[in-house]
Amino acid sequence: MAQVLIHPQETYTPEAANNGYMLEVSGLKKTYAKKQALENVTFALKPGTSFGFLGPNGAGKSTTMKILTGIVKADSGSAKLFGKDMMQEPDAVSKYIGYVPQEITLYEKLSAYDNLEFFGEAYGVRGKELKKRIQEVLVRTGLLERSKDIVSTFSGGMKRRINIAAALLHRPKLLILDEPTVGIDPQSRNHIFEMIRDLNREGVTIIYSTHYMEEVEALCDEVAIMDQGSIKAMGPLGQLLEQYGQKSIYLEVPGLTEPPQDSDVNAYHKEGSGWLLETERSSAVMQRLLRLASQHAWDVKQLEVVRPSLESVFLKVTGTALRD
Amino acid sequence: MKAMIIKELRLIGKDRRSFFFLLLMPILFIVMFGSVFNQSGSGASITLRTVDQDQSTASRALIGQMQGIMDIKQLPADSVNEQLDKIKQGQFTAMLVIPKGFEQSMKQGKPANIKLYQDPASQMETAPIQAILESISTQYRDQKQTGLLMASGETKTQAEAALASPIHIENVSASSDHFNMIDQVVPGMTVMFVFFIMITMARRFFEEKKTGLLSRIRTTRIKPLHYLIGMWFPFVLTVIAQCIILFAFGHFVYGLRLGDVAALSTVILSLSIAGTGIGLGLSFIVPGEGAAMVITQLISMGGAMLGGLWMPSYLLPQSVQTIGHFTPQFWAQHSLQDIIAHGAHFSDIWGSVLILLTFGLAGLAVALLRLPGFLRSAAN
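Which chain is which? The protein sequence lines are A and B, in order.
Reminder that position 129 of the first sequence reads as 595 in the working numbering, one-by-one numbering, no gaps.
Reminder that position 345 of the second sequence reads as 379 in the working numbering, one-by-one numbering, no gaps.
The following block holds chain A by itself, in its conformation from the complex:
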């Protein structure tokens, strides 16, 4: 299946390597027991990007991340971080990468501090510097007071925060998070979002995998939509919404039993107490609706241009709804 590649100013091609890109991934392929898990995955990231991988389970998001972290070997393709081949020189690039797996991978019988100490040392941080960084990440996660408590006594959200903290101790340049908010309460989710935004503001490049569209909208400035092992569309969030999102106008007038007819409206849907009018020419339609309202003295409760949703982008690009 052909890929749709969109980029703000320039489309990435392997030939454009080192053109300011921090991470360059080209033609990744992976097959598990005759099942194609990845098919020609290509993308590139500039430093400081917050990049979202959006797709259903089995789309290939985790496999891509595992290849980037060296857990899984790709059948073919290449990945370079700061110009270094991630498959040939894993030791040279591992210090730049922090990986937060989908599962909570912590030693439940050990304290939060002991877990952080282990992962810090595993990433090569030692002594006083490690102690200082543990303190830092504990403050960042809001768990400083609970640092000596055994992880098994933590709530799901607290465990998720420590799970992320364990990947930050070596101050990675690229933080890869694979669905880091699965099964947690809204408060912990917001805390994690804030952590990720802060890290991104501090210059850490983020790759964030999720199947929640609202998370991508809240955190990412660039998005790749994945389905069935390949990237179906990719680019800045606004541009994707502009290009693929379904634009519409919402009109709510009490007693309006039929939607107003307009040649520029493609479809009408009843939504709540009003009508959703799908159109590519929202300004013109809006002007005509205002005239109609004035002519018929409608008591307009709501009239607004509705922002396109990622859900509609996903539907358009893949032909299926993300929640199917």
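Honestly, I wouldn't trust all of these hints.
Ranges between beta-carbon positions, derived for each pair [to be verified]:
| hint | chain 1 | residue 1 | chain 2 | residue 2 | range |
| --- | --- | --- | --- | --- | --- |
| 1 | A | N523 | B | R404 | 40 to 46 Å |
| 2 | B | H285 | A | E595 | 43 to 49 Å |
| 3 | B | A396 | A | F659 | 51 to 57 Å |
| 4 | B | R51 | A | S542 | 43 to 49 Å |
| 5 | B | R404 | A | M553 | 41 to 47 Å |
Some but not every residue of chain A turned toward chain B, in silico, with C-beta under 8 Å [said to hold, decoys possible]:
| hint | residue |
| --- | --- |
| 6 | K532 |
| 7 | T535 |
| 8 | G536 |
| 9 | V538 |
| 10 | M553 |
| 11 | D557 |
| 12 | P567 |
| 13 | T571 |
| 14 | D580 |
| 15 | F585 |
| 16 | Y589 |
These aren't lab readings, by the way, just hints derived from the structure by calculation.
No experiment lies behind these values; they were computed from the predicted model shown.
The beta-carbon is built from N, C-alpha and C at its ideal position, and this holds for glycine as well.
Based on these hints, arrange chain B on the given structure of chain A.
Just chain B now, kept in the frame of chain A:
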């Protein structure tokens, strides 16, 4: 690797199941076997119920003589029939009755009968009683003959010399002067439960794999070989600590002599390498935790039986003794007993040490061969 070792030691320290299998169980077994063998080891453990119907000076003298050798329980003179019923019911195995007229017969120079009632189904238990009674009877005969010789004009020394046996049996211990069943039980139980570390090891490796921790560790700077050694070494230390605690328990509670401590330490080190090395290999070849549990029990219990951990090897059939030579348990027990009971030093046990190390290194080699596949399987 240091991070791995510290983390693993902390986890082992918090693992109550391991504590139960590695320390509590062997201590319970040592206490249990220790009490059984300590009781059976003392002479007072042979009990003989006695009914004295004569109530004379001679009968009391006989009972006094027996009391020095056996535990004599005197029963009322009229309870013979009741006690016989108890023998038939299997409540005890033997009873001695000194009938009325015992002293009178002795004074008259007639044979003085005593009756030993015994359960024919318990000949093993009654044989020592019979032997003791025959020995006492012989002493009475010797006293009588000495008296007769002295009456015919010989001195007491001459009479005793004339009656002395031409054969004198001198007891010389071929091993040491202090071998007892504790020397069998403490090393036996220690060696047996050392191999239970394999369950803990397999469980830890499967947990690492199942929870995704192994995959995550692979994204860090820890190399696969460092991971393997970092996981293995804490278990070697655990087994060394286990052996030290169990031998210290045997030493302080049961007075077990430790012999050459340097040689003992060498065997403990090689035993810990053997047990954990096999555990390492096992963790990398079995398909799951359940299979590891079954194989561990097979190795631990089977090896314990064949290797002479439950009873001295020489008591086992020859074929079992031969098979036992292929178990690490045999070489560990053999060398430990050599040190404890036979006063062996390093020069005497280095062969066993080499064999134990070979078992451990074979397990390590299997683990090294299987490591890449194990890591790959953890990624999916």
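These are the hints, each one checked on the structure:
1. In this structure the hint that N523 of chain A and R404 of chain B lie 40 to 46 Å apart at CB is violated, the actual value being about 31 Å.
2. Restraint check, H285 of chain B to E595 of chain A: a C-beta distance of roughly 46 Å satisfies the suggested window 43 to 49 Å.
3. Distance hint for A396 of chain B and F659 of chain A: a CB-CB separation of about 53 Å, consistent with the stated range 51 to 57 Å.
4. Here the CB-CB span from R51 of chain B to S542 of chain A is close to 45 Å, well matched to the stated 43 to 49 Å.
5. The beta-carbon spacing between R404 of chain B and M553 of chain A, approximately 23 Å, falls outside the hinted interval of 41 to 47 Å.
6. Taken as an interface hint, K532 of chain A checks out: its beta carbon lies about 6 Å from the nearest beta carbon of chain B, inside 8 Å.
7. Given hint, T535 of chain A at the interface with chain B, holds; its Cβ is 4 Å from that chain's nearest Cβ, closer than 8 Å.
8. A cut of 8 Å between beta carbons decides the hint on G536 of chain A: the least distance to chain B is about 6 Å, and the hint holds.
9. Against a cut-off of 8 Å between C-beta atoms, the interface hint on V538 of chain A holds, since the closest Cβ of chain B lies about 5 Å away.
10. A cut of 8 Å between beta carbons decides the hint on M553 of chain A: the least distance to chain B is about 14 Å, and the hint is violated.
11. Restraint check, D557 of chain A versus chain B: the minimum CB separation of about 7 Å is within 8 Å; hint holds.
12. With 8 Å as the threshold, the beta carbon of P567 of chain A comes within range of chain B, its nearest partner Cβ sitting at about 5 Å, so the hint holds.
13. The criterion of a C-beta within 8 Å of any C-beta in chain B is met by T571 of chain A, whose closest approach is roughly 4 Å, and the hint holds.
14. Annotation: interface hint on D580 of chain A holds; nearest CB of chain B at approximately 6 Å, less than 8 Å.
15. The beta carbon of F585 of chain A is positioned within 8 Å of a beta carbon in chain B (closest approach about 7 Å), and the interface hint is therefore held.
16. At its closest, the beta carbon of Y589 of chain A sits 5 Å from a beta carbon of chain B; the interface hint therefore holds under the 8 Å criterion.
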